[in-house]
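Q: Given next are the chains, with one letter for each unit.
Number of protein chains: 6
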Amino acid sequence: MMKRVSSGIGGLDDMMEGGFPEGDNILLTGPPGSGKTTLALQFLVNGILKSGQKGLYIEAGEKLDKIIEHVERFGWDLRRLQDEGRLLMLSPQIRPEEGEDPMQWITRKEVHELVDQFKPERVAVDSLSLLLQHSREPGGHRRGVQRVIDSFHMDCTTLFVSELAHVYPDRLDYTTEEFIADGIINMYYQRDGNVFERFLAILKMRGTNHSRRVTHFTLEDKAGIIVHSEIFEKQ
Amino acid sequence: MMKRVSSGIGGLDDMMEGGFPEGDNILLTGPPGSGKTTLALQFLVNGILKSGQKGLYIEAGEKLDKIIEHVERFGWDLRRLQDEGRLLMLSPQIRPEEGEDPMQWITRKEVHELVDQFKPERVAVDSLSLLLQHSREPGGHRRGVQRVIDSFHMDCTTLFVSELAHVYPDRLDYTTEEFIADGIINMYYQRDGNVFERFLAILKMRGTNHSRRVTHFTLEDKAGIIVHSEIFEKQ
Amino acid sequence: MMKRVSSGIGGLDDMMEGGFPEGDNILLTGPPGSGKTTLALQFLVNGILKSGQKGLYIEAGEKLDKIIEHVERFGWDLRRLQDEGRLLMLSPQIRPEEGEDPMQWITRKEVHELVDQFKPERVAVDSLSLLLQHSREPGGHRRGVQRVIDSFHMDCTTLFVSELAHVYPDRLDYTTEEFIADGIINMYYQRDGNVFERFLAILKMRGTNHSRRVTHFTLEDKAGIIVHSEIFEKQ
Amino acid sequence: MMKRVSSGIGGLDDMMEGGFPEGDNILLTGPPGSGKTTLALQFLVNGILKSGQKGLYIEAGEKLDKIIEHVERFGWDLRRLQDEGRLLMLSPQIRPEEGEDPMQWITRKEVHELVDQFKPERVAVDSLSLLLQHSREPGGHRRGVQRVIDSFHMDCTTLFVSELAHVYPDRLDYTTEEFIADGIINMYYQRDGNVFERFLAILKMRGTNHSRRVTHFTLEDKAGIIVHSEIFEKQ
Amino acid sequence: MMKRVSSGIGGLDDMMEGGFPEGDNILLTGPPGSGKTTLALQFLVNGILKSGQKGLYIEAGEKLDKIIEHVERFGWDLRRLQDEGRLLMLSPQIRPEEGEDPMQWITRKEVHELVDQFKPERVAVDSLSLLLQHSREPGGHRRGVQRVIDSFHMDCTTLFVSELAHVYPDRLDYTTEEFIADGIINMYYQRDGNVFERFLAILKMRGTNHSRRVTHFTLEDKAGIIVHSEIFEKQ
Amino acid sequence: MMKRVSSGIGGLDDMMEGGFPEGDNILLTGPPGSGKTTLALQFLVNGILKSGQKGLYIEAGEKLDKIIEHVERFGWDLRRLQDEGRLLMLSPQIRPEEGEDPMQWITRKEVHELVDQFKPERVAVDSLSLLLQHSREPGGHRRGVQRVIDSFHMDCTTLFVSELAHVYPDRLDYTTEEFIADGIINMYYQRDGNVFERFLAILKMRGTNHSRRVTHFTLEDKAGIIVHSEIFEKQ
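Chains as they are written, first to last, in the numbering used here: chain B, 452 to 686; chain Y, 452 to 686; chain Z, 452 to 686; chain C, 452 to 686; chain X, 452 to 686; chain H, 452 to 686.
Looking at chain B on its own, in the form it has when it is part of the complex (with noise of 0.2 Å):
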C-alpha cells in the first residue's frame, strides 16, 4: 500500500486518493497568475499545521518578503512558521565574487548541510524555470532539472512550480520536466463570457487512479485554495 502525503487541500486531495504518493516529484504547471506558489505554500503550511511535518521554501526570484507579506490573506503567517523552526524558506545566496549561480549555489555544500539538518518532509521549489533560467552551466537544460530534483530527493515529496500551461491534448511536444516528473498537474484560468474562471486538472500521477475531471477552484481569504470538486468519479 503506497503512502499518501496530503496536498493540503481536501477536494485535491479527494481527487487522488488521499494525497501525493509519498516521496514523489509532482510538477504544478500554469500561466502566471494561476495559484501555483500558493497552492505550494498550503502544501507547506497546511503539512505542518496538521500532519506536523516540516517544510521547505526554495525561491528563485529573491523576493522572499513580498511572497510572505502577499499569503497573509490566506492566514498563512509564514514568519512565525519560521521562527517556531518548522518552515525554512531560502533564496539563492550567491556569490558572484566566485562567479557563481543560482545552481551553484543549491548544490553548494553549506546549503546542503543546512538542508540536512533541517530534515525537511516535504519541499516546494518555485519556480524551476526562473532557477534555470539564472544558469550558466553548460549541458543545458535537462542535466540541470536534473540537478535541482537530485538536490532536494531525500525522503521528501517536492512540489516543482513551472510556467507551463498544457490543459490541450493535441501538443506535440513535452518538456524534461513533464519527462521526468512523478506527478503533473495542471492549473490555469479559462474565459467564460467575459470573466476568467480558474480551473485545475490531474494529468498524470503515477501509481494513482487520480480524478481526470478539470476542477473549478477559488482562493478565498482566510483559507486559500478551495477545489469545488464535484462527487468523485473513477475513471
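Keep in mind that the hints are not guaranteed to be accurate.
Note that the list lumps identical chains together, so a pair holds whenever it fits in one copy or between two copies.
[Stated by the list, open to error] Taking lysine to any residue pairs in the SDA-like style, the calculated list, with each CA pair at most 20 Å apart, reads: (1) 570 / 541; (2) 517 / 572; (3) 517 / 473; (4) 454 / 565; (5) 454 / 672; (6) 560 / 570; (7) 570 / 549; (8) 501 / 537.
Simulated from the structure, these hints should not be mistaken for laboratory data.
The hints should help you fit chains Y, Z, C, X and H onto chain B, whose structure is shown.
A: Only chains Y, Z, C, X and H this time, still in chain B's reference frame:
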C-alpha cells in the same frame, strides 16, 4: 493589512481592492496603440495631483517632447509638473564615445544619484522591450530585465510597459517579464463587427482578490482612461 | 492644440481629427498589392497641390520610372512636380566600389545636403523593409530602423511603408517598427465571397482620438484612394 | 497610356485591362501541380503565335526534354518554335570544374551575348526558387533575386515562377520576391467536397485596375489554361 | 504465416491479428500520463506470466524503485519476477569519471554480455526520448536512435516508449523514430466535457491488417490496461 | 503520344490516363503507416508479373528481410522474384572504415555497375527521407536529392517515398522534393468518427489530365492496395 497605491483610475482601483500593492512591480502589456503609455502616465500624474507622490518616467525611445504633446488632450501638463519638481522625465543620455548603451546608462552612478535625490514614489518604465532591444550586454534578456528592475526597486511602485498581448490562457510559453512581475494587466482591442473596442484584464495581482473580468475602457479628453467596470463581482 | 497634416485623403482625415499629427512618424503596413505606395504618393502629391508643401520620396527598389508610370492613371504627373521643384524622388545611388550599401547611402553627407537644401515638409520612405534588407550594417534591424528615422526626422511628417499585415489583435509579437512609430495604419484585403475587398484601419495614432473602425476603400482613376468612411463615430 | 502585353489567356487578360503592363516583372506563385509552368509557357507560346514576339524560357531543373513532352497535349510544339528561331529554351550549363553554380551561369558573358542576340520580348524563369536553391553566392537570397531580375530586365515582360501559395491576406511576412514584383498572380487548388478545383487570383498588378475576384480555371487539351471568368466587375 | 507476440492486453491483441509481429520494433507514443509505461510493463509481465518469455526493461530515468512501487496496484510484483530471474530491469550505471553517458553505457561490453546471458524475448525501452536527451554523442539524434535499436535488436520484440502525441493526420513532419518503427501505437487523452478520457490508436503495424479505430481504455487495479474494443471491424 | 507505365493498381491508373508518364520521377508522400511502401512494392511486383518489367528496390533502413515478410500477406513472393532475376533489392552496404555513408554508397562505382547490368525499368527508393538523413555530405539537402535522382535516372520510371503529408493547399512552403518531382501522390488517413480511413490524392502529374478527387483505398490480403475510385470524372 497590505498598503494600496491608487492606479489613478477609479474603475481600475475598484477591480483590485483599491490599488496596486505598494512597492510591487506591475507589468502592463498590449499591442501598439492599446493605451499602455496613457495608463502609465495617468498613474504618475494622478499620483502627483491626488496623492502628492512624486513620479519618475523613464522613456526608452528618446521622444519626451512628443509624448508631452500627445497627452495634452487629457488635460495633463507634464512640463508644469516637471517645473514644480514633482515629475522627473528621463530618456537615455548615452555616451557613445565610450560605447555605452541604454542599459549601461540606467546603471550609471550619476543617474542613480539623480534618482536618489528625487526620491520618486511611483515609477513608469516605457518600455522595457525597447530598453532591452538597445542593450548589447552579454548574458541576455533575463539578466537585463533583472538589472532594470533592481535599478529602480527602492520604495516605489513601478509600472513596466511591455509590448506583449496575451489574453488567451492556452499559450504555452511565457516571458521572463511575466515570470517575475508581481502583477500583470493586459490591454488590448477586440474587433466587434467592424470596430476595434478597447479592453483590459488583470491577469495577475499577488496578494489581491482582483477582478477576473475583461473590462471595456475608453480614452476621453480631459480625463484619460475611463474604465467602464460593472459592479465588482468577487471571483 | 496639436497641428494636423492632411493625409491627402478626405475620408482618412475625417478618421483622425483632420490629419496626421505634424512631425510624427507614421507606419503604413499591409501585404503586397494593398495600396501602400499609392497612399504614400497621394500624401505627397496632395500636400504639394493642396497645401503647397514640398515632398520627398525615397524609393528603395530602384524603379522610379516604373512607379511614375504606374500612378499616371490617378492623374498624378510626378515628372512635372519634380521639374517644378516641388517633389524630390530619390533612390539609392550606391558606390559599390567602396562597399557601400543603401543604409550608408542614406546617411551620406551629400544626400543630407541635398535634402537640407530641398527642405521637404512631407517624406515617404518606400519601403523600410527593402531598405533594411539591403543593409549589411552590424547591430541589426533595430539600429537600422532608428538610423533611417533619425536621417529624415527634421520638421517633416513621414510615412514609412512596411511589408506587414496585422489586423488581428491576438498577435503576440510586434516589430521594432511598430514599437517606435507614432501612428500605424494597416491596409489589407479581405475575402468577401470570391472577391478581395480593400480595407484600412488606424491601429494607433498618438495624441489623436482616431476612428477605430475597419473602413472600406477603393482605387479610382483620376483620384487615387477613396475612403468610404461612414459617419465618424467617436470611440 | 500604359502598354499592355497579352498573357496569352483571354480570360486572364480581361481581368487586368488587357494584359500585363509592358516591361513589368510578374510573380507566379502556387503549390506544386497548380499550373504555373503551363501558364508561363502559354504566355510565351501565344506571344509567338499571336503577337509575333520572341520568347525566352529559363528552366532551372535541367529537364527541358520532359517539359517539351509534357505540354504537347496542349497542342504546343516547342521543338518547332525553337527550330524557327522564335523560342529559346535554356537550362543552366554549369562549368563545375570552375566551381560555377546556376547563378553564376546566368550572369556569365556568353549567356548574355546569346540573349542579347536573341532579343526576346517575353521571358519566363521557371523557377526562381530552384535557381536560388542552387546558388552558393554569399549575401543570400535578396541579392540573388535582384541579380536574376537584373540579368533579364531589358525591354521584356518577365514571368517569375515561385513556389509559394498565399491566398489568405492574414499572413504576416512576405518574401523578397513579393516585395519587388510589379505583379503577383496566385494559382492554387481548393478542396470542394472531395475534389480539388483550380483557382487563380491577381493579388497585385501595379498601374492596373485589376479584378480582385478568385477565378476558376481548367487545363484543356489543345488549349492549355482556360479561365472561366465571370463578367468583369470593377472593384 | 507471420508469428505474433501477444501484447499482454487481450483487447489490443484483437486489434492486430493476435499481437505484434515477432521481432518487430514498436513505438509507443503519447503525452505524459497517457499510460505508456504501464503498457510497456504489462507487455513484459504478461509475457513472463502467460507465455513464459523473459523480459528486459531499460529505464532511462534512474527511478526503478519508484516504478516498481507505482505498478503494485495492478498486481504486478516486479521484485519477485526479478528474483526468479525472469525479469531484468536496468537503468544507466554511468562511469562519469570516464565522461561516459547513457548512450555509451548502453553500448558497453559488460552490458551486452549481461543481456546476452539473460536472453530476453521481450524488451521495453522507457524512454527513447530520455535516453537520447542524455546523449552527448556527435552525429545527433538519428544515429542515436539507430544505435539503441541495434543494441537490442536480437531475436526479441521491442517496445520503445517515446514522448510524442500525434493523432491528427495533418501533421507535416515526422521524427526519425516514426520513420524506422515497424509499428506505432498512440496513447492519449481527449477531453469529453470536463473529463479527460483515455484512448489508443494503432497508426501503423507492418504486415498486419490492424484496426484503425480510436479505442477507449482504462487502468484498473489488479489488471492494468483494459482495452474496451468494440467488435473488431475490418478496415 | 506520351507512353504510360501502369502503377500496378487498376483504380489508380484510371485516375491518370492509364499510368505514370514513362521515365518520370514520382513522389509518394504520407505519414507513417499510410501505405507508401506497399504502393511502391505493388508498382514493382505488378510491373514484373503483368508487364515483364524488371524492378529495383532501394531500401534505406536496412530491413529487407522484414519487408519481405511483411508483404507476404498480399501474395507477393519477393524472394522468388529475386531468385528469378526479375527483382533486385538493395540496401546500403556501407564501408564504415572509409567513413562512407549511404549517399556515397549509392554513387559508388560497383553499385552502378550492378544496376547497369540489371537494367531495371522500374525503380522504388524507400525512402528518400531516410537516405538523406544518413548523409554527411556538405551542400545539404538539395544537392543530395538531386544526386539520388541522377543516380537512377536512366530509362526507368521511379517512385520516391517521402515522409510528408500535405493534403491542404494552404501550405506556404514546399520541399525540394516537391519542386523537382514530375508527379506527387499523397497518401494519408483521415478520421471519420472514431476510425481512420485511408485516402490518396494525385496532387501533380505533369503531362496528365489526372483526377483531382480525394479517393478512398484499402489494403486487402492477396491483393495489396485496392483503390475505390468512383467513375472517373474529368476536372
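Q: Hints first: check each against the structure and report whether it holds.
A: Going down the list of hints, with the structure as the test:
In this homomeric assembly, residue 570 and residue 541 come within 20 Å of each other (Cα to Cα) only inside a single copy, at 14 Å, whereas the closest approach across copies is 31 Å. Taking the shortest Cα distances, residue 517 and residue 572 sit within 20 Å of each other only across copies (17 Å), while inside one copy they are farther apart (25 Å). For a Cα distance limit of 20 Å, the shortest separation of residue 517 from residue 473 across copies, 10 Å, qualifies, whereas the shortest one inside one copy, 30 Å, does not. Proximity of residue 454 to residue 565 under the C-alpha cut-off of 20 Å is found in neither arrangement, the shortest distances being 27 Å within a copy and 34 Å between copies.
Only between protomers do residue 454 and residue 672 lie at most 20 Å apart by alpha-carbon distance; the minimum there is 17 Å, versus 31 Å within a single protomer. For the identical chains of this complex, residue 560 and residue 570 are intra-copy neighbours only, at 15 Å inside a copy versus 41 Å across copies, given an alpha-carbon limit of 20 Å. In this assembly of identical chains, residue 570 and residue 549 lie within 20 Å of each other by CA distance neither inside one copy nor across copies; the values are 28 Å within and 33 Å between. For the identical chains of this complex, residue 501 and residue 537 are intra-copy neighbours only, at 12 Å inside a copy versus 45 Å across copies, given an alpha-carbon limit of 20 Å.
When held up to the earlier numbered hints, the structure conflicts with 4 and 7 and fits the remainder.
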